[in-house]
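2 protein chains.
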Amino acid sequence: MIGSKARKGGKIVKSLRHKNGVEEFVFGTPVSTGAVVEKGRAENIEFRENITLGEPTLLTFDLEPEDRIYGLGEHLGSINRRGRRFRSYCRDEANHTEDKNELYGAHNFFIHVKDHQQIGYFIDFPGEVVYDTGFQEEEVFSIEIYGKNFRILKIFGDTPEKIVTGFLQAIGKAYIPPKWAFGYFQSRWGYKDQKEIEEVYHRFKKEDLPLEGIYLDLDYMEDFKNFTVSKERFPDFKEFVGKLKKEGVYLIPIIDAGVKIEAGYDTYEEGIKGKHFCLDGEENPYVAAVWPGKVHFPDFLQSKTRSWFGDQYRFLTDLGIEGVWNDMNEPAIFYDEKNLEEAVDLASECRGKNLNVHQFFQLKDTFANLLNNEDYHQRFYHRMEAKKHLHRDVHNLYGDYMTRAANEGLGKHLKRRFLLISRASSIGMHRYGGIWTGDNASWWTHLEENIRMMPSINMCGFYYIGADTGGFGGQCSGELLTRWFQFSAFAPLFRNHSALDTRPQEPYAFSKEVLEHSRSLLKCRYRLIPYLYSTYMKAVENYQLFFKPMAFQYPKEYEAVEDQLLIGEELMLAPIHKKNQSHRLVDLPEKMALVTLREEEADLTLAPAGPQRLSYDLDHLRFFLRPNQMIPLGEGKNNVSKLSLEKLEVLAYIREGGAHVFYDDDGISMGEKNQERMHITITPRENSYDIAVKKPHGALKSIDFKIINHRGEIQRIHYKIKE
Amino acid sequence: MIGSKARKGGKIVKSLRHKNGVEEFVFGTPVSTGAVVEKGRAENIEFRENITLGEPTLLTFDLEPEDRIYGLGEHLGSINRRGRRFRSYCRDEANHTEDKNELYGAHNFFIHVKDHQQIGYFIDFPGEVVYDTGFQEEEVFSIEIYGKNFRILKIFGDTPEKIVTGFLQAIGKAYIPPKWAFGYFQSRWGYKDQKEIEEVYHRFKKEDLPLEGIYLDLDYMEDFKNFTVSKERFPDFKEFVGKLKKEGVYLIPIIDAGVKIEAGYDTYEEGIKGKHFCLDGEENPYVAAVWPGKVHFPDFLQSKTRSWFGDQYRFLTDLGIEGVWNDMNEPAIFYDEKNLEEAVDLASECRGKNLNVHQFFQLKDTFANLLNNEDYHQRFYHRMEAKKHLHRDVHNLYGDYMTRAANEGLGKHLKRRFLLISRASSIGMHRYGGIWTGDNASWWTHLEENIRMMPSINMCGFYYIGADTGGFGGQCSGELLTRWFQFSAFAPLFRNHSALDTRPQEPYAFSKEVLEHSRSLLKCRYRLIPYLYSTYMKAVENYQLFFKPMAFQYPKEYEAVEDQLLIGEELMLAPIHKKNQSHRLVDLPEKMALVTLREEEADLTLAPAGPQRLSYDLDHLRFFLRPNQMIPLGEGKNNVSKLSLEKLEVLAYIREGGAHVFYDDDGISMGEKNQERMHITITPRENSYDIAVKKPHGALKSIDFKIINHRGEIQRIHYKIKE
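Chains as they are written, first to last, in the UniProt record's numbering: chain Z, 1 to 723; chain S, 1 to 723.
Treat the hints as calculated values from the structure; they're not laboratory data. Keep in mind that the hints are not guaranteed to be accurate.
A few chain S residues that face chain Z, going by a derived Cβ cut-off under 7 Å, partial list only [to be verified]:
1. GLU138
2. PHE360
3. ALA368
4. ALA560
5. ASN580
6. ARG613
Quick caveat, the model's predicted, so the values are computed rather than measured. Even glycine gets a Cβ: it sits at the ideal position worked out from N, Cα and C.
In isolation and in its complexed conformation, chain Z is listed as follows (with noise of 0.2 Å):
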């Protein structure tokens, strides 16, 4: 136990209070993440929890066997954390095999439920942290955390959501996208140039597919120079960018934290002379090597060099660019010259040799241990608030700073909404940007980790969130494709993107039946549009989850229920995640309204709680409408730009009684200009319903109710809008 500034292991120890009940402390001199946004009082609180201070200080907790933990972000593995281990340390992270522990989120906030009570905390902290829930230990979940300055905030709530509220409250309001980051995009490495990328964008087009943008991987750039695009390959990029957006379609460039070393390059020749990059031991750049050989790293940490790589970014918005991705922000690293020549000098030693089975797995391990050695983060060094800082210890904010930077820019530049999103994130990122989840793979088991992480992500404070939908890495089926679909249709962010080399992954690589269920797929998401971006920004708004588990919402026996997830108040997915799967089971722990979604039509059925076998077309959305809960669907179009609101249907699944708050607004404006909110209010009558429309959307002229009550019977009721 270690009283507001007690002493233990040597360090001091102060105790704050927030105004809704967050409990800080701070061990230490802790660097100032950014993370946390509201202020504490000074108070006098115990910490009760077993800390002792040290390399590392280990914090432990007891686990009773019914004890659960949620949170921890972009990890992979079941949504309860509980037993295995989890390491907080943004990595580079190729291959997503179940066993790793470290992604390139390090997001420390997680929740510990008891059998009646749950705490959450929040380990704010830039360096390594490493949690064991119960993997080494079955009774013990415990806590590395590699230093002695860090802050620990402990956040109170009668359920785990309402923590998840109190932490996001602390942490400050999500980053808001513009309303088209909600529509589809195509993103391949590999698109090589103008013309190809034309080609996409023309078949979309002639395949009446909706299309919101296409992602420029590093192929666009001149020898992967960040803030760059080849002129060879791009005659008039700024012309092509124009002519694109006139049709609804952004282009979405990819940079990098790296910079190439080259004499005349700008971007070099500014960040030397600024003193904008990371030291060596001997106050010399870094020097490591990535994509375009030999870079320096842009020290992030300095608010001057946030300034100044945000101010790089306007290169892109002068060419009419609105969106942009941080890439290879851990920073990846694929070696360092002490390393590389450490390597060559063994390989050299062992010719000729008849090598043991130790000397050549040494061999062999030496090279592929080049690519993101973390050797690398104890040679470099970042100036933060005057201080020096070896890399290791505040690696975590690289990606988030950098994310910072692009935000900073991009605002300045724009005035207006951008899409933006990372690799790399630390919480405290979540203000400036989404993420996606990285290199993942053409992998059934990875669309079934795509669902299970979002909500822990989205706890972490992180709503513009998403995978690569067909996975990125490796070779995708028409199959894979179409179900991976029937999931990301309701993720914020859906962005179908593979590798170079790989099998083409665009709705049209496949076969005709392929292209027609993604046709179809997509302009159900585009129906679902309205729906998912009212619900985002009510959520960011109200510090709630988009994405929710079950174990949230419904009872014990539904805990383990993680194919299954929650959408706002409204909804309940259980996808299709396995090959060659028709049918699936679905566990409904109430009555719910089965919604059968296509681009022309929504049925309603009703589905009585309990477990039971569901079929799936490739061709449709199936979810649930949970009791007294509606949502508004849009029409099927092609682009954002196209969605009108004069018509909307309303599905509803009535009971007692609903009420749902449809959230709109201009989509591209910064700050509260616009926002307009529905209220629509269903009430069961003897032989029909009371609807009310409370402040109509400005563009609306009718509603479609479809409403199902409780013994399935479906009512349609045209309402009209006053004008």
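Given the coordinates of chain Z, assemble chain S onto it according to the supplied hints.
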């Protein structure tokens, strides 16, 4: 269409008909693999399938949307093989991610199931065969056979099961292990000496854990040399073997394919003298490196080499050994001199350079690709039937023929049954040994893969099968081990095996709870052995499946249920294969009896047809008994030698009446000596049952029947055997 002796692609085709209707087509002059034992009679039969001889030969089938494909043996993925790629080319694959198209076995049997017919095919060819079951083109099943000389068998039957039976008859009766091989085996790469193995044995004894044997990984050898035992680490191996065997505990040493090049080492010297090694292009023994450094590979395709190598096992049998595992026999190759030199040259060229991304990845991949590079297969030759064969062309026979050699040698010296498993295999080897599914990992998805893989392997002739329980690579948790035990408790081969430097994985290496649960589950396994052994022996004898997929038994809507399996005619399994799950959904195609089995008691309740949520504790086995079926249970002993059959418990679910044949024998003799077949029938009467036991087992004194009827009423009947 190719008629008998018709020409196509310049090749003569001969056709034959076997007595059970199997059609055999001979293309060119195939290598005699020995896979098929039945002989056909020449008959003019058309080969109606679409085939184009060439390099590769292409065989294609149209796929209707409803078509399914079963078989192909040891491969990852769904039981219905539709929609992906598989490669029959035995490979030392250490990383079983779901995109891997080959593992250790080459099992070229499949059944193409169409709406109203199904045909089985066996491609009898020892080289590479690639299957695309509708991945590249959804409506085409294409098979590339890398050669023009092969046999194709077509097997007919009203049901997939009957086709399997026809195929199993054609390839001959499977390997029969001793009864003790159905016990529980502990294994670990890293048990370094006699002392450590004794500790394992004593710990099992102390903890009251069943144990039938301990596998010895390559730690026991002297410098990784086959047919040596380290004198230092095992000062008196023979005495040690004898001492443990007296306690019913067998030691099962590993034998690898490569023979260390070392002057004075007997096996090497004899191999050179007898011209037993594979030759390189210059007629010198081919040199490659594996565990011991440089080795030669015995040319198991020569019958004189099989006979010589088989005799080498006498070294082990003379020490009291009665079981062996053949490993690294794809064969695995770490590197050969040519590729290592090229890699070192490339590294030298890279010294001091600013490598671009392509150069860097080329360097890294060159070293990674030393391991099991298939280039090596173009560099050595076999002699067979007085002909020289490039290794690549007969690759899949290598592990198979090594195991034939071992089987013949062990049989000759032991003159009784022995335990023999192999990592590499092809069809034909099923008559000589079992297989374990190679280097899996401590992944939950690998438990699921294990469940799905069993029936596919079984269809290809192999019965003595199982996976490394708990996972070979990676870090196992107590929970995963326990859940895996709950499945492996039903697998003929039940071995817990783990790799060097992974977390210890013995049942006592985790918490007290895991130990207790493991004990309970292992005792349950021993209670099941009489049933499992009987079912195994009957299945082999009658050419029926031990593990049967749901799709073979139940209508269409259960096709996709691939995490439930049938055992024999009696049982359905539905194991938990996900983390943190105390429940799972189960889909029952018919009303069944749910058995809850603990060491001391077996509970019976009825479970209705349809989807339902089922709870699973960690210390019991749950499984379902089909209508009118029964299973015998023995006692929860710690060793097969302790299993008397004086008393049996029979669990039965009787509606109209049930009949069961219980097989037993002395468990060790070859041939048909000592076989007993007890016939039990249960006929319901008004308030009770008539029970008849014909040819009661010699040892049997009584049977305790526990019978549940379709109303869930349970009767216990104590049945005394008349002396």
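Is the interface hint for S/ALA368 satisfied, with its Cβ closer than 7 Å to some Cβ of chain Z? Holds: closest Cβ of chain Z sits about 6 Å from S/ALA368, inside 7 Å.
Interface hint compliance - S/ARG613 to chain Z, C-beta minimum distance less than 7 Å: The hint holds - S/ARG613 has a Cβ within 7 Å of chain Z, the shortest such distance being about 5 Å.
Interface hint for S/GLU138, Cβ within 7 Å of any Cβ on chain Z: holds (5 Å)
Against chain Z, run the beta carbon of S/ALA560 and see if the smallest gap drops under 7 Å. It holds, given that the least Cβ distance between S/ALA560 and chain Z is near 4 Å, below 7 Å.
Verify the interface restraint on S/PHE360: the C-beta must sit less than 7 Å from at least one C-beta of chain Z. holds (5 Å)
Does the closest beta carbon of chain Z sit nearer than 7 Å to the beta carbon of S/ASN580? holds (5 Å)
In summary, this structure violates none of the numbered hints.
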